[in-house]
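Residue numbers (this note's numbering), protein chains in the order written: chain F, 1 to 309; chain X, 1 to 225.
Any given hint could turn out to be false.
[To be verified] Each computed SDA-like pair below joins lysine to any residue, with the alpha-carbon atoms no more than 25 Å apart:
1) X:Lys66 to X:Lys172
2) F:Lys129 to X:Glu7
3) X:Lys172 to F:Pro250
4) X:Lys36 to F:Thr261
5) F:Lys17 to X:Asp222
6) X:Lys36 to F:Glu224
7) F:Lys254 to X:His39
8) F:Lys17 to F:Asp45
9) F:Lys254 to F:Ala152
10) X:Lys36 to F:Pro250
11) X:Lys111 to X:Lys215
12) X:Lys36 to F:Cys253
13) F:Lys254 to F:Asn181
14) X:Lys215 to X:Gln142
15) F:Lys129 to F:Arg100
16) X:Lys172 to F:Glu224
Derived by calculation from the structure, the hints in this document are not laboratory data. Computed from a predicted model, the values in this text were never measured in an experiment.
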Amino acid sequence: MCGIVGLFLKDKALEPKLGEMLTDMLITMTDRGPDSAGIAIYGADTKGKAKLVVQSDVPEQDFPGLDIAMAQSLGGPVSIRVNDTHAVLEMGAELLEVARSRLSEVNPRVRMMSRGENLEIYKEVGLPKDVAARFDIAQMSGSHGIGHTRMATESAVTTMGAHPFNTGSDQCLVHNGSLSNHASLRRKLRRQGVHIETENDTEVGAAYLTWRMMNGATLGEALESSLDDLDGFFTFVVGTKDGFGVVRDPIACKPAVLAETDQYVAFGSEYRALVNLPGIDHARVWEPEPATVYFWSHKGAPTAHEKAA
Amino acid sequence: MQTFDLEAQGLRNLNSALHAQSANTNQTVWEVINPKGSHAIAVGLDAPIEVNVKGHTGYYCGGMNKQATINVAGSAGPGVAENMMSGTIVIEGDASQYAGATGRGGTLVIKGNASSRCGISMKGIDIIVHGNIGHMSAFMAQSGNLVVCGDAGDALGDSLYEARLFVRGSVKSLGADCVEKEMRPEHIEILKDLLERGGCDAKPEEFKRYGSARKLYNFNIDNAY
Numbered sequence: 001m002c003g004i005v006g007l008f009l010k011d012k013a014l015e016p017k018l019g020e021m022l023t024d025m026l027i028t029m030t031d032r033g034p035d036s037a038g039i040a041i042y043g044a045d046t047k048g049k050a051k052l053v054v055q056s057d058v059p060e061q062d063f064p065g066l067d068i069a070m071a072q073s074l075g076g077p078v079s080i081r082v083n084d085t086h087a088v089l090e091m092g093a094e095l096l097e098v099a100r101s102r103l104s105e106v107n108p109r110v111r112m113m114s115r116g117e118n119l120e121i122y123k124e125v126g127l128p129k130d131v132a133a134r135f136d137i138a139q140m141s142g143s144h145g146i147g148h149t150r151m152a153t154e155s156a157v158t159t160m161g162a163h164p165f166n167t168g169s170d171q172c173l174v175h176n177g178s179l180s181n182h183a184s185l186r187r188k189l190r191r192q193g194v195h196i197e198t199e200n201d202t203e204v205g206a207a208y209l210t211w212r213m214m215n216g217a218t219l220g221e222a223l224e225s226s227l228d229d230l231d232g233f234f235t236f237v238v239g240t241k242d243g244f245g246v247v248r249d250p251i252a253c254k255p256a257v258l259a260e261t262d263q264y265v266a267f268g269s270e271y272r273a274l275v276n277l278p279g280i281d282h283a284r285v286w287e288p289e290p291a292t293v294y295f296w297s298h299k300g301a302p303t304a305h306e307k308a309a
Numbered sequence: 001m002q003t004f005d006l007e008a009q010g011l012r013n014l015n016s017a018l019h020a021q022s023a024n025t026n027q028t029v030w031e032v033i034n035p036k037g038s039h040a041i042a043v044g045l046d047a048p049i050e051v052n053v054k055g056h057t058g059y060y061c062g063g064m065n066k067q068a069t070i071n072v073a074g075s076a077g078p079g080v081a082e083n084m085m086s087g088t089i090v091i092e093g094d095a096s097q098y099a100g101a102t103g104r105g106g107t108l109v110i111k112g113n114a115s116s117r118c119g120i121s122m123k124g125i126d127i128i129v130h131g132n133i134g135h136m137s138a139f140m141a142q143s144g145n146l147v148v149c150g151d152a153g154d155a156l157g158d159s160l161y162e163a164r165l166f167v168r169g170s171v172k173s174l175g176a177d178c179v180e181k182e183m184r185p186e187h188i189e190i191l192k193d194l195l196e197r198g199g200c201d202a203k204p205e206e207f208k209r210y211g212s213a214r215k216l217y218n219f220n221i222d223n224a225y
C-alpha cells in the first residue's frame, strides 16, 4: 500500500509547526506502511550555503571528523550537525555538486540522503512514530515538506529503499504504487549515465524525472512525460525548492486526497491523515484527477494541467 | 436517539452495537460523531435502523448493508456501500473510487461527485449521483441502475451486461460494447422513480440511456484484435 503525505504552507505563521503537523500526518498513515518512514523538510534559506544530508549505519564511527575530511577534500569550510543516524553537512552552495561526488571517496560507508539549499531528508527503517521520534521531526520548522510510510513491495526493507528519494538539488519525491517497467528503464537510464543506487522501483521513477530535467524539461514537463514512460501504478508527490506537486497515473488506483485553505495545501493518501490540520472542516477537499499534474509554488499561482490523451 | 462517539468508543464497539440490533429494536436512530475518516464505519448492518454519520468517512462505509439507512453528512472514502444488499445509503458530499461496487440491491445516493469505477460490477443496486462520475464507471455492471445527473468520465460501461445507465451530461467516452440506447416510455418511468428516490429535481427527459450492445456475450472472431 504505502502512505504518503505532504504539506505546503502559504501562511508563514504556521512554519514553526510544519514538523509537528507532518509528523502527525505521517503517524496516522502507519497502517498503510509500517516498515519504513521518511520525511523531507524544506527549511529556511541558508544564504549561499547548501546542505548534504548523509546517513551511516555506524554514525559513532563515521561522523566524527567527517566535516574535516570533507573540508580538506573540497578546499572550503564544511560544518556538521549530527542527528541520530543522519548528519547535515553544510558548505558553500558552489561546493555542493563536488561534495556529492567526493562523499564516497571520503567515506564509502556514508550514504547521501539529500542535497540542496533548503532540503533535508530523514528516513529509516521502522515504525513511522519511531522514525519521527529518532530525528525529532516534530521540532523542525519549514515552508513545506513531504513524507512517506512504506509497505515494501518492489525491493528490500532498507534505509536506501525508504522514501523520499532525492532527484536533484532541492528536489524529492514520494510514491505510492509500483512501477512494472523499472528494470528496463533502469538499464536505459544507466546507459545514459544516470546514477541509480538500488533495485527499488521508485528510485527509477525519481531518476527518470532527474534525467528529463537534466535534458532541459521543467519539473511539470518531466511529470507529464512520466505519464507516457512509466508503466504501472503511481501517485507521486514531489517537492522542489519553492514548490509542491502531485500527479496520479491514468488508471488512478492509488488513493489520493488534496485539501486547500488560505493557510496551506495538504495531501494525504487518505482523508484521515488530514483531520487534525487547522481549519480542515472548512477546507476545499477533493480527489486529484488521473493523469493531471497539480503544482503549487511560493513564486506563482497554482496550476492543474491535464495531460492530453 | 443513540449517540456514539467513534473517537472515544472505537470502531469495534460501534459495529458490534449496530450488529446487535434486531428487526424489532427500539434503538432505531443512531448518530455517529467524530468519524474523522475512519474505515469500515457501519459495515455489515442487518436491521431496519437509521445511522447518521456526522462527518467524513474512510474506506468501505456501509459495506454489505442490509435494511439499514445510513446517512453520511460529509464525503466518503473508497468502496462506500460495497456489496450492499438492501437499504439506503446517502452521501451528502463526494464519494471516492468504486462507490457501490458489486452492490446487489438497495439504493446509494451521492449528492456530490463520485470518483472512478463508480458502480463497478454492480449486480442489482440502484446508484443515483447528483454530480459527475469518474472513469471506468459501471465496468462489467450486470444489473441495476446508475443515474448520473452530471458528466461521466472515460470508458463508461466497459464490458457492460444488463445494467441501465442514465446520464444527463456529457460522456467522455464509452467503454467496449457500451452504446447509447433509445429512451422508451418505460425507461422514463423507471428514471422518474429513481430521481425521486435520489432527491433529484432533474427531469427524466434530459437524460440519455446507455446499455450493452451484447456483442461480447458470445465468442465472435470479429471481437478479436
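Out of the numbered hints, which ones does the structure contradict? 1, 5, 6, 10, 11, 15
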